[in-house]
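Novice: These are the residues of each chain, in order.
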Amino acid sequence: MKIRESMIGRLSEKEQRTVKIGAVCAAAILVFVISTKWFGHWGQVRKLLAAERSKLETISPDEAKQRGLLSVVPVLEIPQIEEKQKFLFRDKFDEQLKKAGIRSEPLEFLSTGKSQQGGYRLLRLKCSGKCRFGQILDLLASLKENPYLVGIEEMRMKCDTKNRQEIQLDLTVSTFVK
Amino acid sequence: MSNNRTSEVTGPTVIAIAQEENSLRAVCLRKQGGVLQVLWTRSSEAGQTDLGTFAAECGLSAGRTGQIEPGGGTMAVVGFNSAGVTFYRILVPAVKEEEIAQMVKLQIEARLPLPAEQIELAWRAGPVRSGSPSRTGSASAQTSNGAGRVQDGRVAVTIAAARREQISKFVEDVRVFEPAKILLDCEGIVEAWREFFAGDEGSRRDGIVVSIGSRNTQVCLVEFGRLSNAVVIDTGMEDFSAGQWLGSQTETAERFAQDMRSVLELFGYAEPGELPVFVLSDGGSVIEGIASCLESAGLNVRVVVPVPPLYAGVREKTELSADDIYEYRVPIGLGLMALEAGAEELNIFERLYNPAGEKEKKHRLYSPKVAGAIAAVMLVAVVIVSYAVDVASPNAIEKRFRAAASDADMNLLMERQKLIKTIAPRRPDLLQLLNEINVTDAAGIMLDSLDFKKGRPISMSGQAPNAEQLYKFQRALLAKKGITEVKIQNTASVKAGASPSPRGQGGPGGGRIKFTITFHYKNFTR
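Those protein sequences? They're chains A and B, same order as listed.
Heads up: the first sequence begins at 16 in my numbering, then just goes up one per residue.
Heads up: the second sequence begins at 2 in my numbering, then just goes up one per residue.
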C-alpha cells in the first residue's frame, strides 16, 4: 500500500490524471467485453425460453381457445401417407354420403398440389350427385365427424328447373396426406 | 464573566447551558473511558439572560450542534426553568405504553384548568415506591393518586405539564443555536446530586433534593434515582442575610421551614422526617444555618457537598473547586444527562422542537444521491434476477414436459394440436351459412343455385318478386354475421308464366326479377 502510494506520489498531476483515465477506460472495456458476452448468452437463453413457451402454449393453450378449436375440429386422426390416407378418407366420406341418403356418382380424387401446409399436402375428393336440400344439410352436419376431413373446398348446388325439390350437388372436400 | 478553558477538545463533547435567576451558566463536558471531564465553564454577567448571545459566546451557532456522532462532535443542551412546569404523579395499571398515554391524556384533561390544546406535557412511567409513607389527608391532585403507595399490577407515572405559549417562546429563543436537547433544569439538579453530592446516600436513591438559589429554592422529590415531582419556593439565599442568620430563628427561616413542610405534604409525605432532605451546599455557613433551621422544624436534613472521590476525578482535568461544582451544578447535571445514552428525560418540547441533527439525518436518507444509488442497486438486482429466472425457466419447463409425458407422446400431442390449429381456419361451416341464408326475412325470394369455392366470392342466383324484395334480401344478408360485401351482380326481368312464382306476387306487368348476388363469407372467400 505504501509502495503504491509512494509511486503515485512521484507522478505529476497530469500523469496521475492520465493513469486514472486509463484505469477507467480499461475498466470500461472490461465491463463492455464481459457484458457483451453476457448479453449474448442471455439472448440465446431468451430464444430457447421463447421456444419452450411456444411449445407449452401449443400443448396447453388457453381453455376458451381450445374449446373453440374443438367445436370446429371435434375429431381428428393424424394423417397417414397418401396411399393409406386417401382410402380411409374416401371410405369414411362415402359412408357419410350414404348415411345422408345421397346417391353419388363415383368419387373422384383430384390431383394433390405440391404446396405443403404444416408438412402435409392437400388431397381433394370430388363428389357429384342429385339429392334434396334436406339431405345436403344432413351431410354437412355429419362432415365434422369425419376424422380425416380438412374442409370443404368447393360446393355447388343447383335446383332442377323442372323439379325444384331436386338439387344437383357438386362437392369437393379435402384431407391432409403425408 | 468567568472563563476557565482547557486544551482543545477532540472527543464527543456536550455544552450545557442553564439559566439561574438573572444569569446564564454553561459548562463543556466530556466523558472519556468512564471518567467525566469538565473542560470549561462560563457564566454571563448578572442581568444578561439572552440565550442566543450567550450561546454565541460559548462558540455555538446554528448547524454546529447536532447529535453526538460516534467519532466526535459537539452537542448543545439547554435547561428550561421548571418554575413554570407543573408535576403530577398518578398510578395506572401496568398496561401497554399506548394505553398509558391515553390514560395520561384523559387524566390531565380532567385536572388542568386550561384546554388540552394549550398544554404541552410529557410523562414517564416507573415502579411504585415501596416503604408506603403515610399520605396527607389534604393532598393536592397529584398526591391524592397515591404517590408512594404500593399497589400490585400498577405503575407510577410522573407527568410534567406546561403552557404551550411559554414553551413556544423558549423554543424561539434557543432556535438560533439549535440545541440537540431542551431539558428541565430540575432533572439536571437531580442528576448532579446523584453524580456529585449523593455519595453513599446515592445508593438509597430516594429523597428530597433541595437546591437553594439566590432568589428561590428548587425542591425535587427523587424516587428510584429519578425525578418524581418538583416545586419552586420563592425564598432564596438573598432572603437569608448572614447577619440575621447567626441569631435565633428569624421569621424568614420559619416561613421557609413551613413552606418545606407544605411541599413534603404535597409530595405525599405527611411525616416531615420520613424521607431524607438533601440540601445541596458549597460548604458555606448560610446553607448550614438553613439546614439546622429545617432540622429543628422536624425534617430529616442532610447537608451534602460534592463527594471527594468523584470530585477528585474531575479535578484531575479541570482543577475546579467545590464552589465551582456547586455553582455549575445545574448545567453539569444537564450535560451528564445528554452524555448518557438512552436517558429517559421528561421531554415536554417533543412536539414543538426538532433538533437540527434529526432533520439532517432525514435529509441524508432522502437525498437524491442515496435514492439514485438505491435505484441503481435495484436495477442491477432486477437485471440479475431476470437473467437468473430466464436461465432457470427453460430447464424447468422441460422438466415439467418430461414429468407429464414421454417424448413420443409429447411429439404426438404437439402434432395433433398443431394440426387442429391448421385445420380449424380452413374449415368453413357451410351448414351455418345455409341456415343464415334460409332465415333471411325476404318473402318471395327463390334461390336457384349457390356456388362456393375457397378464395372467391360466393355466388347465388335466384328470382325475386320485385326489386324491393331483392333489396330487402340484400340488406338481410348484410346484417348476418360473417357475410360482407353483398353485391347484386345482374338482374333480368322474367315474363309472367315463364317460371313458377308465388301467388299474387310479381314484378311490373306480373313478371319476376332474376338475379345473381355475390358476397364474401368470413375469410374463406378471400
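It cannot be assumed that every hint is accurate.
Per label pair, the in silico range of CB-to-CB distance [as the list claims (entries may be wrong)]:
id, chain 1, residue 1, chain 2, residue 2, range
1, B, Ala425, A, Ala66, 29 to 37 Å
2, A, Val90, B, Met415, 15 to 23 Å
3, B, Ala425, A, Ser130, 37 to 45 Å
4, B, Thr485, A, Val87, 34 to 42 Å
5, A, Ser126, B, Asn436, 30 to 38 Å
I should point out that these hints are in silico values taken from the structure, not numbers from a laboratory.
The structure presented is a predicted model; accordingly, all values stated were derived computationally and were not measured.
Even for Gly, the Cβ is constructed at its ideal location relative to N, Cα and C.
Novice: Please go over all the hints and tell whether each is borne out by the structure.
Specialist: Structure-based check of each hint:
no. : hint                            : in the structure
1   : B:Ala425 - A:Ala66: 29 to 37 Å  : 23 Å, violated
2   : A:Val90 - B:Met415: 15 to 23 Å  : 18 Å, holds
3   : B:Ala425 - A:Ser130: 37 to 45 Å : 19 Å, violated
4   : B:Thr485 - A:Val87: 34 to 42 Å  : 20 Å, violated
5   : A:Ser126 - B:Asn436: 30 to 38 Å : 33 Å, holds
Comparing the model with each numbered hint stated earlier shows that hints 1, 3, 4 do not hold.
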